[in-house]
Amino acid sequence: MIRAEHLHKNFDDFAALSDMTINVKSGSVYGLIGVNGSGKTTALKTITGIIRPDGGEVDFDGEPVYENLKVKQRMGFIPDDLHFFGSYTLKDSAQFYKRLFLRWDNGRYREMLELFALPESKRLSRFSKGMLKQAAFILTMATKPDYLILDEPIDGLDPIVRKLVWKYIMADVAEREMSVLVSSHNLREMEGVCDTVGIVDKGRIVLERDLDELRSDIHKVQAAWSKPADSEVIGNDSDLKILRREKSGAVEHLIIRANRDLLETKIGELQPLVFDLLPLSLEEIFIYELGGERDALKQLLF
Amino acid sequence: MPSNNYYSEPVSKQRESTLGQYFQLSGAWIRENLKRFWAIPALGMLFYFFTFLFPLFVEDVYQNTESYLRDISRFQNAGLVLYSVLFPLIASVALNRYLYSSGSVNTMHSLPVTKGRLWLSNLISGLIMVWLPGIITFAALILGYAKYGYSAGIAASLGKLLLCSAFYLTLFNLAAMLTGNVPVHIIASGFISALPAAVVLMIIGLCQTMVYGYTTRGDWDGVMLATFFPPIAAAINDTGVLTASLDGWYYIIAAVMAIAFYFAGAYLYSRRKLERAGDSFAFTFAQVIFVSCITVAGALILGALFWSIWGGAFPWNIGMPAGGIIAFVIAKMVGVKSLRIFSRRSAVHFSLTFALLLALLGIFEFGAFGYEERIPAVSEVEEVDFQSWNIVPYYSVVGNNNFITMKDPETLEAINALHKLLVKDSPLITEDYDYYQSSFGLTLNYYLKNGKYMTRYYWVPHSVLEGSGILEQIVMSGEYQKAMGIENWIGDAKIEDLSINHWTYHYNSSVTLGSAEYQSFLNALQADRDKIDWVSLIGQENDDSPLFHMSLSIDRNPEMDTYAYDYADVGILEDYTNTIQWLKDKGYYDILTASNEIYRGNN
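Chains A and B supply the protein sequences, listed in that same order.
Per the numbering used here, the first sequence runs over residues 1 to 302.
Per the numbering used here, the second sequence runs over residues 1001 to 1603.
All clues given are correct.
In silico DSSO-like cross-links for lysine-lysine, where the CA-CA straight-line distance does not exceed 27 Å:
#, chain 1, residue 1, chain 2, residue 2
1, B, 1035, A, 122
2, A, 98, B, 1035
3, B, 1420, B, 1449
4, A, 202, B, 1273
Hints listed in this document are in silico derivations from the structure and should not be mistaken for laboratory results.
Chain A extracted, bound-state conformation:
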């Protein structure tokens, strides 16, 4: 588990992190989402122990990260601005990682190298940005990290490679209970991969939700009532919280926060002419959750 509690970090007069708290459970993926300059990268650098926070604590399974070799042996970090030694090839870098990381898995490295089809003997300085991302990913995953921290990981990757990258990550999450913390400035990119999403704005988490919980709590309902009064019955039910409702002729669209079973039971009892539960996108969930009022969310979505 990665635990970052009440992080504060100032750069001169600018508060880059302001009481930020993030908890990444073992075997889960946490998406840290925010616009450029919101504090995502500073948060990741602080969590990985690259920079020291002015306040707050970071630990990995109870072990502080800063200057801690044992934690760093189990941690993989792929920054947004990648760096490799100037004259090195992927092969040189692999040898370097092999010497540094005690858990280096050469078989995995070979397997991924073949799958990603990267030239092993070509200088990394001649790689494109996307190829460098792939190279960094191969090297990091070959160290078999228990904690994987990724800063804008899929920038510059084509859709096929993106899928491949996430496939590997998800496999490790499932098989080895790897904890993943991933940042992005795009909410849509995180959909389908994150278990938890935190929206960061001005150095603090303004919203943090478990997506499964969120999805099971918020529902988009399409219904046509057998009696006009049924609409009022639903609206007055204290167990169902209506976040939004729109009527189009006889059909009404509702966004309702409630337990799914309870919702189905309550609406079923009214015997509507039409009753469908429609899928909700992550964007819609956050819009309805926040009422579309929050600046941070607006910038992420529009």
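Based on the hints, put chain B in the right spot on chain A.
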């Protein structure tokens, strides 16, 4: 849970101590450093090859093999000095560059290697890179040239080289921890080299000035050697008076300082904010000190520069503050790496720095310590080394700037009166002057009875002393006359050759003097010098050239405590009739013809 057995157990709560990590090595990191920067030792080998080995193999230099080996065994080869400073700087920049960009610092510090391990591993890598070429080269020299018998000396020089290199590598690594980019790292490296000496000298200088009123050169030199270039100074000055007895101590001091630099650098690294990669300085205090010091130094240098260019139109008490403002602005721009330096913080910094500058200016301007006006009483003085430069043009020999030791009480009284006059007329002395027309340089080195030493230097317009008769009194003193007499600078030495030259026309001609002739020549020359009108000579304009110069090749008088020249240069004036007649009598017409031609041409 992780499938790999290693670290599959919960992470221990025990954490390595930070201090302990600064004593741990990462073999992987050292190996990687050597792989990445192999070009540095390779360049070092090339350097050594072309500096030491290649010249030994070249035929025309080969005859000087022993000389080369002797210089190397005494650590007196400039190449060694250059190497022990330059290559540690190159290695330090290469090894610490990762701290200067956000991308590299992120990657490096997310890897499983602590700052402590990185720090020590980088130092060891640097030492290997810098030491290896020297060890190989010196081993080759010892093995290949053992027959010359300098092996022990060469081995000792190798030891000095290794220590010097280590000293500078730790110093430059310390500079790297303070800075955030390569250019400022290099500037700071030089700056730190000089800063301890500057601070210590300033403190000691001020203390001595206030407490004793005089400076003691021995202490100053000792401080300079111990703080500025301890290993280099000690090594170069193997035969020097100061270092002869302290040689070993300097190496101990250098080693202790290298260790101190190591720990200071390690501490700074542990405190360093890695997010400041790319900034000029990693610590605000370093930027503040840098800008303040550059401001003060810039004020002194630019103030002197303005004064030298514009003279009275830009007096130094205006030039110095102006220079300080310019230096502050430039240093601040470098320090904050921006042209936008006008902030509230900068204003506070500027105010404090400028207050310091004005305080210094006040000290100089108003003679706060009375240093300039302090003149030792005659009763306090043991002797004075008197050096005049261009005071009596073309009379003195061998560059006419020898020190003349004065002990006679009457002469000391005259020197005291002269010094008082100079201090009284100091505003005149600081006026603009014409180097070639009406001024002379004067150095007074006082050796006091209490063992202290005091030195003062002035550049004096003749007008200051006009009519006082003090200078004439000194010049006509027995001690001065004796020092300037022919017998003093030639003694029993044998003159073998006479040559004539005219500097303006680049003419020279020479004859070999017979052994029986030189005494009569000296007699004629002495007769001419005896009739010189000293009073008219003093204040003579410097561009009143003599008729011609004669250079006398001599065996230097070993008793003469002056420069080790093996020739004497004498200006022959128009009224040196005895000397000119002697040349005619001996038939050295070519000299006279040449001089006549030159003389005619000159007029």
